[in-house]
Structures are given as structure tokens and as C-alpha cells.
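**Q** Using the hints, position chain B against chain A.
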Amino acid sequence: MTIATPSLISESGYWHRFQGSFARFWRPVRRQRKALAGLGIVCLFVLVAVFAPALAPYSPTEQNFADAMQGPSWKHWMGTDSYGQDILSRTFYGARSALWIGFASVSLGLLVGVAVGLLAGLRGGRIEWALMRAVDGLLAFPELIMAMAFMAVLGLGMNNVILALALSFVGPFARTVRADVLQVKARPFIEAARLMDVPEREIILRHVLPNIASPILIQAGMRISIAILLASGLSFLGLGVVPPTPDWGLMIAEGRGFISMAPWMAGMPGLALATLLIGLNLLAEGLRDALDPRTRGEHS
Amino acid sequence: MKVAANSLELRASRLWQSLGAVAQTALVLLVVSGISFLFLKLSPGDPVALMLGSDFSRDSYDQLYRNLGLDRPWLQQYFHWLSRFVLGEWGSSYVSKQDIFELAVLQALPVTLTLAALSLLVALAVGIPLGVLAAIKRNSWMDILASAIAIGGNAFPSFYLGVVLIWIFSVAFGWFPSMGYVSPWSDPLGGLWHLALPALTLGAWYVGLIATVTRSSLLEVLEQPYMAAARARGEPEWRVIWVHGMRNVLMPLVTIIGLQLGGMLRGAVMTEVVFTLPGLGMMITNAVQTREYLVVQAGIMITALLFIAVNLLVDRTYTILDPRLRKK
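So the sequence lines, in the order shown, correspond to chains A and B.
Residue numbering for the first sequence is 1 to 300, as defined by this note's numbering.
Residue numbering for the second sequence is 1 to 328, as defined by this note's numbering.
Looking at chain A on its own, in the form it has when it is part of the complex (with noise of 0.2 Å):
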């Protein structure tokens, strides 16, 4: 990854230019060391989540009553809930269905976003006024909200929760690409490529694409973290995934009930979420600083 560093030319004297040496060695490693951590948690979690057959004790879903609600133990590291499933096991599992949902729910968003969004910068005249109000209708619901009326229509479910949200992602993202799209029209190499008559797929793939990639992809990263805590939020509600899929939401809205007698059902698995989304919200944010300049020096 390579940063900018701001030109020193302008500065004067040596005291500036000392600080402005140590500042340009400095700031990249602090931000680097954000983004790094972040990269380290997350890194955790998805290991955790590919290899949950082999690192869980226990089987996710299977009961044992004679040892239900069992706080944490040798043997069940994290306690059993009410059903005596192991909530360690489960946890692990959660973080499957937590980070499968994030990245396919904010990946089929971002491609119907991109489409609408490429569709209404590039084409322009009435198709883009269409586009853009139908987004503005759409942005203006609350995501949760729109998310809920999704899951209301669509019905309960995994594939429903990503698809829900999916369709709550897409105006946000054909807003950004739509604004990207129309700053990379008016340049002029993409006139160039017009008068060279350069055919219009290839403009959009060749020359447009690459230069809306990174502010799209970085916003689909922050976006992961919101996901998750849509999804989870959703199960919370109980309109989310049904049980007895392991899912931190629908572990902390059963561990609710009994917050008095075990504490451990609900604690656990929302502290594995709120790790999760320290570490995806620690690496976005470390990201965007390294790689946005107008961000750059903002957390000096």
C-alpha cells in the first residue's frame, strides 16, 4: 500500500520541517497499526468460522437438558442455554452465519448498486431522473426499518436476511457510484476513449470501473460491519434467521429472558459481536484514513 505524503516544499524552517519528517513516518504506522488490529480480529473471526467443525467441542444444535444452563465450566467453556446446547460451540458457529451474511448481503448489494449507479451516470437524461428519485424514496427509510419491511415480505430465513438487506444496500451504493461516475465522465480521458470510439462496455469496464474501484470497495468494507449488525439486530427482533440456526442476535434474545438466572447466554455471544464489529469498524477506518487523502491527518 502505498500513501501520499504531503509535499514538505511549502513548509519552512527546520523545526517545521522535523516535524514534518517525523509526522510523514509517523502517521502511517499509527494508521496502519489501526488497520492492522482490525485485520487481526477479523482475521481471527474468519478463521474461527471456516474451521468451527473442527475447533467446536460440541455440535452447535444438539441438546442435552441434563446440563442445561450451566454457567461456564472445564467442560462447557462459555456455559450451556436453556436447551443445554454449548454455547461456545454455538458462538463459534454464530460467527459463520454473522460474516456469510455481511459479505453476501453487502456483495449482491454493491453489484445491483453499481449497476443502477453506472446506469444512471453514464446513460444520463430521464432514466438517471427515474433512478435517482426511486433512490431517494428508498434512502429516505431508515435501513433497519427497510430491512424489517423486506424480511415482512420475503418471510424469515437466512437467504431472505442477505437478500433483505442486499435491497436495503442498494440505494446508498448506486448514490455513491452515480456522484463517482459523473466526476470520471467529465474527465477527459473518457472523451478521449469516446473520439477514439473506444466501445462503450470497454469504457465502463476499462476506464470507469477502475478509477470508482476504491472509494466503492471501501465503502462496501464499512459497510460489512453495519450488515452484521443489521443481521443480528434482525434475529434479535426475531425477524431474522430462524432457530435453531446458531446466531448471536437470537443468542442474545434468548439469553435475555434469562439475564438473572444466566447471564453467560446473552453476554457471550454479544461480546463475540461486539469484537467482530470493533475489529471490521478498526480496520475500515484505518483504511479509508490510509487511503482517502481528505481523511489524511484528520486523526492527527
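I should point out that these hints are in silico values taken from the structure, not numbers from a laboratory.
A quick note: this is a predicted structure, and the numbers were derived from the prediction, not measured.
C-beta atoms are modelled at their ideal positions from N, C-alpha and C, and glycine is treated no differently.
Any given hint might turn out to be false.
Which residues of chain A face chain B? A few of them, derived with a C-beta cut under 7 Å, are [claimed, not checked]:
(1) Gly-137
(2) Pro-142
(3) Leu-144
(4) Ala-152
(5) Ala-274
**A** Using the frame of chain A, we list chain B on its own:
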């Protein structure tokens, strides 16, 4: 003479601008209502069968079908629905037989608004001093605490934080109730007592954000010449910070509060369900579960209207807070 012409021109352009803003809002409202209408049309299940219950004849079915106007084209149905919506005739709930307008606007909405206002108050009361201290004592433990709260508050989902707070303050200490709603408008003490944990849960999310924005904007302001001028005039330090400094922090604060309204509503829905408060979030959640699509529709319309209204309000506040914008 020239000045007069200019001001006339200015006024005309301003009028034109606000007309444009009104037209744009009206258009968004139209699209929003269209989406809400489509939602009802696309939702599964047969509304006529739902209204009639389990036992009905073919004739009564057909009659109700026609009475509801379901045999007419969608566009006509849409305008019929919209005109009834504007008049507050939102139909009644299949389950409780209650009037939906009454249920949503008169009962649920005030609960959500009260919760949101109280949470914002908590967040401002904690977040602004925290941000100011973090800016003045940069890189101190206060500064580190502020950024830790910002990162944590962003990562702890409201529903989880709510459960944790219930565990600590209701179960372990027994200081606050974990559920139930008492309106603070009719019973101030009891109401605030019941809303303390929910407001803290929802407010915590905002605290970090407000502290971060206050800190970074104040840091910028501190370097401005008028701050040095105020100090040079011999004004006390608290006045320099809170009067001259904070006045210029208000703009970015209002911006971030407006921008994060979606997060606030998201948090409010979850907080209401955690603490079983009878607000909009609880209403929509229950309605989705019992498949009462009319109620869901009312809920999403109200939240969208709320969203649009607050955004307009934020735009207005700019011109009040920053005189420079008025001159344009």
C-alpha cells in the same frame, strides 16, 4: 438603487430555491408513499381473507373485495389509498380491531419521540463535556477515554448494551426497572425512572460520536485568531471555550446528529424491544410477526416522514446557526 435591485434579485433567487426544495421534498414523499403502497401490494397473504376471519362465504368475500376497491387498477388504488392516508383514515388492526392511526400516531409515536429526545439529551450532556475535555487536554487519559467510548459505543449494538445494562442495573443492583413504560408527561418521576436505562442504552451510541465531533471541531477552532483575540481581551478561559469556541462547534454537531438519525431510529427500535416499550419499533416488530401489514405500512410511512422532517429541520438549523449562510 443598485442595492435594491440586488436584494430583489436575491429574494427572487431565494424564493426559487425554497420552491425547489419544497418540490423536491414533495417528490420524495410521493416516491416514499409509492414504495409503501407497493409494500402492501407485495406482502403475502390475502387481506380480504384476513379481514373476514376463518369462516366466510364466496359472496361476502366478493363483496368485500369490491368494497375495498381491490378490483380496480393499481394506480387508482394507490391514489385512493394516498388520499385516505392523508386524511388519517388508515384502517383498523385485524387483531386488536384498534384504529391504526390512533395506535401508530397517538400511542406509539410519542413513546419513540420521548425516548429519542431523552437519549439525545443524555448523549449531549455526556458527549459535549467529554469532547471539550478531550480537546483541551489532548492526549491525556480523558482523550483516550473519549476515543475508547467512541469505538465501543459504535460497536456495542443497542440490543446487546441494553441487555448488559439490565443485567447490571436491574438484576445485580436493582436500581432501575428492566421493562415497562410510564409516560414522563403524566408521571415525570416514574416516567424518567422507567426510561433511564433505555435512554442510557440509546444515548450511549451517540455519546462517542458527539464527543469525537466536538473534540475535532474544537481543536480546529482553538487555533483560530478570534480565540487568541478573546483571550487577549482578558476574557476568562471558560468563556473563551464555551462561548466563542462552542458556538462554532454547533454546526458540525447538528450535522452529525442529523446524519446519524438512521442509526438513532435503528437503535430506538432495538431498545424498545429490549425494554418492551410500546413505541414504533415495538409496534412494527409485533406487526411483522403477526403479519399485520397495514400496521407495518403505517410504521414505515411514519418513520420515513420523521426521517425527512428531521433532515429538513437540520437544513433549516444551519441558517440559524451560521449567519454567513444567510447572506448568500
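**Q** So, for every hint listed, does it hold in this structure?
**A** Going down the list of hints, with the structure as the test:
| no. | hint | verdict |
| --- | --- | --- |
| 1 | Gly-137 | holds (3 Å) |
| 2 | Pro-142 | holds (4 Å) |
| 3 | Leu-144 | holds (4 Å) |
| 4 | Ala-152 | holds (4 Å) |
| 5 | Ala-274 | holds (5 Å) |
Hint check: no violations occur; every hint is consistent with the structure.
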